[in-house]
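Colleague: Protein chains in written order, with this note's numbering: chain S, 1 to 537; chain R, 538 to 800.
Because the hints were derived from the structure by calculation, they are not lab data.
Quick reminder that beta carbons are idealized off the backbone N, C-alpha and C, glycines included.
Take the hints with a grain of salt, since some may be wrong.
As the list claims (entries may be wrong) - Selected chain R positions facing chain S (Cβ under 10 Å, derived; list incomplete):
#1 A554
#2 R562
#3 E563
#4 I635
#5 I636
#6 P640
#7 F641
#8 R791
#9 P794
#10 L797
#11 D798
Unchecked claim - Within a straight-line C-alpha distance of at most 27 Å, the following computed DSS-like cross-link-like pairs (lysine-lysine) qualify:
#12 S:K32 with R:K790
#13 S:K35 with S:K13
#14 S:K80 with R:K709
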Amino acid sequence: MDVAVSVKDITKKYSLYKDPWGPIKEVVTRKKLHKDFFALMGVTIEFPKGESIGILGKNGSGKSTLLKIITGITEPTSGKVDVHGSIVFLDVSSGIDSELSGYDNIFMKGTLLGYSKQEMLAKIDDIIEFSELGEFIGQPVKNYSSGMKAKLGFAISVNVDPDILIVDEALAVGDSSFQKKCMEKMNDFKLQGKTIIFVSHDNHAVESFCSKAAWIHQGELITYGDAKFVGSMYAEFMSGRKPIESIQAEIQYEHAIEQVHYGTTEDGFNLQLNGFVRDQQMVDVQGRFQLAIRDNRTGETVMKDLEPASKGFTVSFSETEFPLFFKPGKFNFWLREEMENKKAVEFSIWAGKADIREQQSKGADHFQYQFKVQQNSLELAIENIGKVEQQVNRIWVEDELLHIEGVAFVRGYETKFENDVLMKFYLTDLSSFERCVFPVEVSETEEITENPAYNPQGKVYNFSRFKVVLDMAELEPGRYESHLSYRMANAPHHRFLNLVWASKLNEYPREPYSTETYTADIQTANKYLRLEKTAKS
Amino acid sequence: MFDIYKEMWKRRKMIQALSIQEIKREYAGTLLGFVWGLANPLMRIAVFWFVFSIGARAGGPVDGAPYFAWLAIGMAAWFLLNDGFRLTQKSFRSKRSIIKNTPFPVAILPAVQILFSYYIHLILLAVVFVLTALSLQTVSLYNFQLIYYDFAALMLLLGIGSITAPLVAVSKDFGRFLDTILVFLFWMTPIFWSADNLGRFEWIIKLNPFHYIVQGYRDSFFYDIGFWEQPVYTFYFWVLVFIFFLLGNYLHKRMKPIFLDTL
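Taking the hints into account, I'd like the entire structure generated from these sequences.
Modeller: Put into structure tokens, the structure is as follows:
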């Protein structure tokens with residue numbers, strides 16, 4: 001492989017002084033008065049000839065410093081740079097003098113790039129044509145709009161025919177047709193086997209244009225490789241979904257879920273995952289990791305250590321171990337490593353080729369479980385089979401007892417007797433995820449049966465009223481969300497679990513309930529019933 | 538030891554092209570262009586002549602040379618030294634936008650400014666030469682010695698510029714200091730007064746290498762003295778230039794990584 005540019009172990013240090021006299025005081029007192037700022041730390045990249053390589057990174061990450069070192073504008077504090085071929089740094093504004101005319105600027109910039117007047121004369125027609133400036137080429141550049149300046153700068157840089165073209169976020173200026181023209185010109189470059197180094201903070205541009213990409217974050221090279229891979233990592237980081245440590249860990253290890261086996265038994269849902277985690281020396285390292293499953297909505301997480309298996313690891317979860325964790329919602333799968341400082345690093349485990357199998361279902365009274373692989377990670381979606389219609393009609397407090405009264409029914413499932421349905425009420429603490437269960441009293445009402453809007457077919461939903469009484473004095477302080485489970489005693493034996501819907505705002509207490517020791521606030525702002533209890537100090 | 542000067546020699550075409558660009562840039566937007574490069578120094582010569590000759594009644598002939606011609610030739614030399622000195626020390630700082638954005642052999646920038654000053658100087662020199670030749674009604678072979686003194690002046694400026702430019706690029710204060718020094722040098726170089734007036738302290742003035750150039754100009758015009766006729770002084774001058782070159786090369790190497798970051 002021919003190398004166009006190689007940088008080896010480049011470090012760039014800037015000394016930052018608070019005091020303008022700092023450098024002089026430092027010489028006199030021989031004390032360190034500056035802060036070291038590392039714009040680049042030990043970056044090693046080889047840019048192969050004839051490829052277009054993207055450099056990704058957010059503003060201030062050090063990517064421009066790297067370019068300046070490659071082009072020789074700045075010298076590295078340590079490390080080695082090798083450049084094979086002529087470089088043009090396509091930065092639209094550089095070397096353009098606003099006092100001179102566009103025409104003179106072409107020669108000016110040509111001179112700076114090391115071309116003689118004769119060489120530039122040979123190119124000048126192409127440059128003027130490419131720049132689309134027409135008769136304005138004779139006007140001083142100070143009269144140009146910023147778009148025109150950019151066009152001129154770009155036209156000069158691409159037409160001087162360098163071996164290596166470095167593009168620094170230049171395409172953001174100029175109108176779309178000019179941008180297209182620039183892209184075409186750069187594609188021509190690619191076809192001619194020239195090297196392009198393309199710097200951007202936009203992963204889409206890099207993914208579509210470059211074959212390889214490097215990602216620099218806070219002066220460090222996070223990863224260098226296939227543009228699509230690096231781009232997707234970068235996008236995940238930039239969207240805030242993943243911290244940098246997770247991505248570093250993710251790149252550091254090779255990991256995958258290979259098999260997903262799931263099913264339901266009498267005891268409920270269970271799940272077995274098989275896969276591997278290896279470090280770069282291909283050694284299995286599952287001992288360090290736990291597998292964590294997280295409820296996307298609430299953030300509730302359960303985790304278990306990975307068990308060694310004949311090939312890689314295995315880990316299983318069941319509803320008996322984690323009651324009420326696997327409920328309607330969406331779940332993601334993470335590898336989790338505890339670091340020395342007690343902080344945990346998590347990253348999404350790769351599941352691009354996972355083999356997902358449902359095993360024989362023995363219990364029929366369950367939810368619908370669905371596994372999907374999205375962007376190479378595994379996602380579990382749990383849904384109710386069918387739908388519970390529900391509403392809280394009234395909430396009131398009496399002697400610290402909270403009364404919640406409402407209706408719940410499933411269309412098509414008749415409830416003629418009290419035993420036809422079994423309901424339970426749950427409160428879940430939103431920070432500790434501890435749960436309390438409360439009995440629900442089911443009683444008779446004609447509210448649904450007699451309402452033609454709900455019951456056009458004339459079915460019987462007599463036992464659809466529910467009532468919960470909970471003692472707020474006994475509740476631990478905290479924020480709670482509430483679930484109602486609905487279980488059919490007869491066929492088809494479905495079970496439902498829903499957040500409690502409470503949209504009749506006028507029927508609920510408006511002021512928080514307050515005693516000498518605590519305040520309890522019924523929150524229904526987002527239509528789901530929540531309860532917050534705060535202790536008084 | 539002389540890396541930056543080798544670089545300049547290698548890029549002499551680029552220096553030439555850039556100095557032409559510099560002239561274009563300097564007079565871009567003006568209608569009269571380089572006429573302004575002529576008008577200003579001529580005006581200053583006239584003012585000095587008026588002040589010293591008419592105002593202070595001090596303008597007698599100097600060793601037989603008419604004061605006005607003597608002053609004009611001295612000033613012509615001085616303007617080259619003055620402009621070269623002033624522009625080279627700022628040569629990195631004034632071109633920071635180029636230095637920061639374009640891969641470019643920065644070492645040649647002082648030479649660009651010196652060549653630019655020289656072009657302006659040539660125009661002035663031509664006018665002064667014609668005026669003096671007309672008023673003296675003599676043209677001597679010694680006039681060709683100007684080529685030697687111009688060369689000496691350019692080398693001196695290059696040496697000094699290579700020292701000052703990186704220092705000024707690192708510290709703006711140093712630039713202010715040099716501006717102040719330049720005013721001092723202007724009065725301490727015998728331009729509108731004769732070094733002979735100092736008597737036995739003349740040697741102090743002679744330490745100033747600028748004096749070598751100004752005096753050389755006058756020798757070539759009025760006194761028909763060749764530079765080989767004062768070998769010690771010539772030797773001293775070139776040793777000094779040599780030291781400046783060494784120091785300039787060293788400072789450039791030393792300061793370049795710093796000013797590339799701090800500019």
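Colleague: Give a verdict on every hint.
Modeller: Quick rundown of the hints versus the structure:
no.	hint	result
1	A554	holds, 4 Å
2	R562	holds, 6 Å
3	E563	holds, 9 Å
4	I635	holds, 6 Å
5	I636	holds, 7 Å
6	P640	holds, 4 Å
7	F641	holds, 6 Å
8	R791	violated, 12 Å
9	P794	holds, 5 Å
10	L797	holds, 5 Å
11	D798	holds, 6 Å
12	S:K32 with R:K790	holds, 24 Å
13	S:K35 with S:K13	holds, 10 Å
14	S:K80 with R:K709	violated, 31 Å
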